[in-house]
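S.K.: Top to bottom, those sequences are chains A and B. When we follow the numbering used here, the leftmost residue of the first sequence carries the number 53, and every step to the right adds one. When we follow the numbering used here, the leftmost residue of the second sequence carries the number -8, and every step to the right adds one.
Calculated directly from the structure, the hints in this document are not laboratory data. These numbers were taken from a predicted model, which means no experiment stands behind them. The reader is advised that the hints may include incorrect statements.
Claimed, not checked - If the Cβ cut is set under 10 Å, some of the chain B residues that face chain A in the computed set are:
(1) His(-5)
(2) Val14
(3) Leu21
(4) Glu24
(5) Ala27
(6) Leu28
What the hints assert, rightly or not - Covered stretches of chain A, going by a simulated chain B footprint (3 or more residues, C-beta under 8 Å):
(7) 112 to 122
(8) 125 to 132
(9) 164 to 177
(10) 293 to 307
As the list claims (entries may be wrong) - To list a few chain A residues with every Cβ distance to chain B over 10 Å, as calculated:
(11) Ala76
(12) Gln78
(13) Phe80
(14) Ala97
(15) Ala101
(16) Leu146
(17) Trp191
(18) Ala193
(19) Phe203
(20) Met209
(21) Val219
(22) Ile234
(23) Tyr240
Every residue, glycine too, gets a C-beta built ideally from N, C-alpha and C.
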Amino acid sequence: MSSSPKIAAPGLLPGRVNWLKYAAPQAFYPVAGRLVPWFVAAALALGSAGLAVGFLVAPTDRQQGDAYRIIFLHVPAAWLSMVIYVAMAFWSALSLVLNTRLSAMMARALAPTGALFTFLALWTGALWGRPTWGAWWVWDARLTSELLLLFLYVGFMALQSSIDDPVRGDKAGAVIALVGSINVPVIYFSVQWWNTLHQGASISLRAAPTMATTMLTGMLLTTLALWAYAAAVVLVRLRAIILERERGAAWVAALTDVAEGVR
Amino acid sequence: MNWHSLGEFVAMGGYAPYVWGSVAMTAACLVGEVLALQARRRAILTLIAALRVPPAKGRA
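Same shape as in the complex, but just chain B:
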């Protein structure tokens, strides 16, 4: 372990904006991609459900 305190860890030896800026953008992009994909999947599933013929009585 390199760090003696949480403050030291956050400060990243004076490079906090660069290091945490990289981490934050990476996290934001990955989370954003996952959310966008979930929305895309929900949208197509909703569309398919709407396209479905309503189950008639004799339909298996």
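Next up, chain A with everything else stripped away, as it sits in the complex:
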């Protein structure tokens, strides 16, 4: 392909795309806007399919009865709560090292959705724990470290919103996000490291699934659905943050969605 002309359309030859270009909020703003409808569509399609499989097709569990169906919300929420934290720490690290504004905005955009999923993991966990363990809450390693995750998210958001200077707020938040990232492996491995009421990992790359195929399918579908949902809302929030930060810039004033969005 070395003979191909250099004027090839960008995007067709990934190696030639200048990805750094998208580190500029102005360049990423329209890209994010174009991605959102796809993630929304994916979330709706995968979510309907996952809930149909989980609530209509999957059989009743022999031990837990139908209480186990909480798994189709609980496990995806818990996974996402950790994945979003890792993403937040990643963008925070990038913003500290490279001093890129968009990375810090991305970290800010991820936090509320991560906190929401952490809360949902705790809420659905309590509603699952009550009928199966006989307790809404126990102070064991898995539950306590997940609660700590919620506090880390809330601390990150509170700290950033308490600092008026956005750049200083970005830096302070990034430090919290990075220090707190030590908690993520603790959550994940807590069921192996300590005695706990919480059951072990639902799926593992090294062992055959211990769940019925329909249960596993439903769980993976709702996980992908929540993943797509998270991507959509985080991108929408990122776009709002970009506008809030750059509201004085000429490119923002020239946007056509300003007129459309206000209506």
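Based on the hints, put chain B in the right spot on chain A.
M.R.: For chain B alone, coordinates are given in the frame of chain A:
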């Protein structure tokens, strides 16, 4: 299909409050987040529109 009637489905084998309590809170949180985000976007767009210099005659 596991269910023989809508009532059976709603009852969730006796675990209705737990199962539907999880579903309801998840739905409420997601809907709430989407509504809050729409309001946030509208607010910043309104602000930007207000900041805009009113288009003068000679302005492109």
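S.K.: Any of the earlier hints contradicted here, and which numbers?
M.R.: Number 1 - this is the single hint that the structure violates.
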